[in-house]
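S.K.: Chain by chain, the residues run as shown.
Number of protein chains: 2
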Amino acid sequence: MGGRVLSAVVLLSGGLDSSTALGLLVRTDPEVTALSIDYGQRHVREVEAAEQVASHYGVPHRVIDLTGLLTGSALLGEVEVPEGRYDDESMSATVVPGRNLLFIATAVAYAAGHEMAEVVIAVHPGDHPIYPDCRPEFHGPLAEAVRAAYGVTLRTPFVYMPKDRIVVAGAAIGVPYDLTWSCYQGGEVHCGRCGTCVERIEAFMLAGVPDPTTYADPDYARSVL
Amino acid sequence: MGGRVLSAVVLLSGGLDSSTALGLLVRTDPEVTALSIDYGQRHVREVEAAEQVASHYGVPHRVIDLTGLLTGSALLGEVEVPEGRYDDESMSATVVPGRNLLFIATAVAYAAGHEMAEVVIAVHPGDHPIYPDCRPEFHGPLAEAVRAAYGVTLRTPFVYMPKDRIVVAGAAIGVPYDLTWSCYQGGEVHCGRCGTCVERIEAFMLAGVPDPTTYADPDYARSVL
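First to last, the sequence lines map onto chains A and B.
Here the first sequence stands for residues 1 to 225, numbered as in our numbering.
Here the second sequence stands for residues 1001 to 1225, numbered as in our numbering.
So here's chain A without its partners, still in its complex pose (with noise of 0.2 Å):
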């Protein structure tokens, strides 16, 4: 369908991963849209983080209320957000069944809706140990599901590439990673504590790139790293 060339959703959480999906799209893709959830994440401070990003781009960005659709997690608040590394086994605390999934077909409903060719994820390695919502063996069938029904493109650009180097490659065409978040915990400022946090401090430090973020607790992450 020649309407739906170069035209993505992606879907934006407001970490350093979506926004660097989002600064990489932009410069291939003339229409993008980036979409961000509203789960009942107590971390919804994202949602914030995530307009910021997308404003910066200036494309256009929608925030889509999912509240109540999910259950079982630290991240809605059932239980407390564990400190240290994002591989441990008390990570899966951190889990959400059904989460990526549902963010999936929620983006692809809206593209397929709006004759667009792509949806984005911008999941990557880090991910695989504790969300098996973000392995290869999920996306790949569930790709080719989606473009069956809807000729929609699932992309999971990310999905081989380790943190820091997703990094580099953002910190070369100046993603803004000041406005992004990651912190499970929601604060004012990113805790440092939290798997999220580590492994951000732990990115940055790998990447050699300058970490423009304030947290809480700076020095935790090094005595788990």
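Please keep in mind that the hints were generated in silico from the structure rather than gathered at the bench.
Treat the hints with caution; some may be incorrect.
[Said to hold, decoys possible] Calculated Cβ distances over 12 Å to all of chain A for the following chain B residues:
#, residue
1, V1026
2, R1042
3, Q1052
4, G1058
5, G1084
6, D1088
7, R1155
8, V1168
9, A1171
10, D1178
11, G1187
12, R1222
[Unchecked claim] According to the in silico footprint, chain B covers these stretches of chain A (three or more CB under 8 Å from chain B):
#, stretch
13, 62-73
14, 88-100
15, 106-112
16, 139-151
Positions of the beta carbon are idealized from the N, C-alpha and C atoms, including for glycine.
Dock chain B against the given chain A, drawing on the hints supplied.
M.R.: Only chain B this time, still in chain A's reference frame:
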């Protein structure tokens, strides 16, 4: 997982097929939840029918509000609902882009969040010509993705069973077809002229099962069948 045996979420539209699926399911599964979706369909009357069918079977019924997430279909009131045979080209106006993926994603999130084993959707061969997301090429890989990520089994018991055979099976176990709703127009009674009314009339005829439905125009279907 032991707790997941014989527990199922069934997507219940309130029509013939999903009501029959529910009727069959409650005979084998001790734990069944019926899920209906309000997606802004002009025939939201079907959700009331679903409520009555679920109540008949004494199973919990959850209605999920997804209004505003789908777009681009006559079923959303955006254009007129076509009349005639269900497999006519004109019926493509009733396609809702992304619908079944979004419905299944919602049901999978519910099942995974509540540690239930299965999601059941009652697509059948009559849906295949017009609705790509009712075909095995869609559900096959999607089931693979859902199992890989969430350990939930996606089942399509009627994917190769013609609608009249569904009605034969349902009549044999006393499915309350008088409570069900098919019509896309969503009026006081079934219109008898839209694609799904014509298909309903045909299914009862071919099945040799008395049709308990009141149609505004009971004669139209015979002229196109």
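S.K.: Could you run down the list of hints and mark each one as holding or not?
M.R.: Now for the hints, and whether the structure bears them out:
| no. | hint | result |
| --- | --- | --- |
| 1 | V1026 | 24 Å, holds |
| 2 | R1042 | 16 Å, holds |
| 3 | Q1052 | 24 Å, holds |
| 4 | G1058 | 23 Å, holds |
| 5 | G1084 | 24 Å, holds |
| 6 | D1088 | 20 Å, holds |
| 7 | R1155 | 15 Å, holds |
| 8 | V1168 | 29 Å, holds |
| 9 | A1171 | 31 Å, holds |
| 10 | D1178 | 32 Å, holds |
| 11 | G1187 | 26 Å, holds |
| 12 | R1222 | 33 Å, holds |
| 13 | 62-73 | holds (count 5) |
| 14 | 88-100 | holds (count 4) |
| 15 | 106-112 | holds (count 6) |
| 16 | 139-151 | holds (count 10) |
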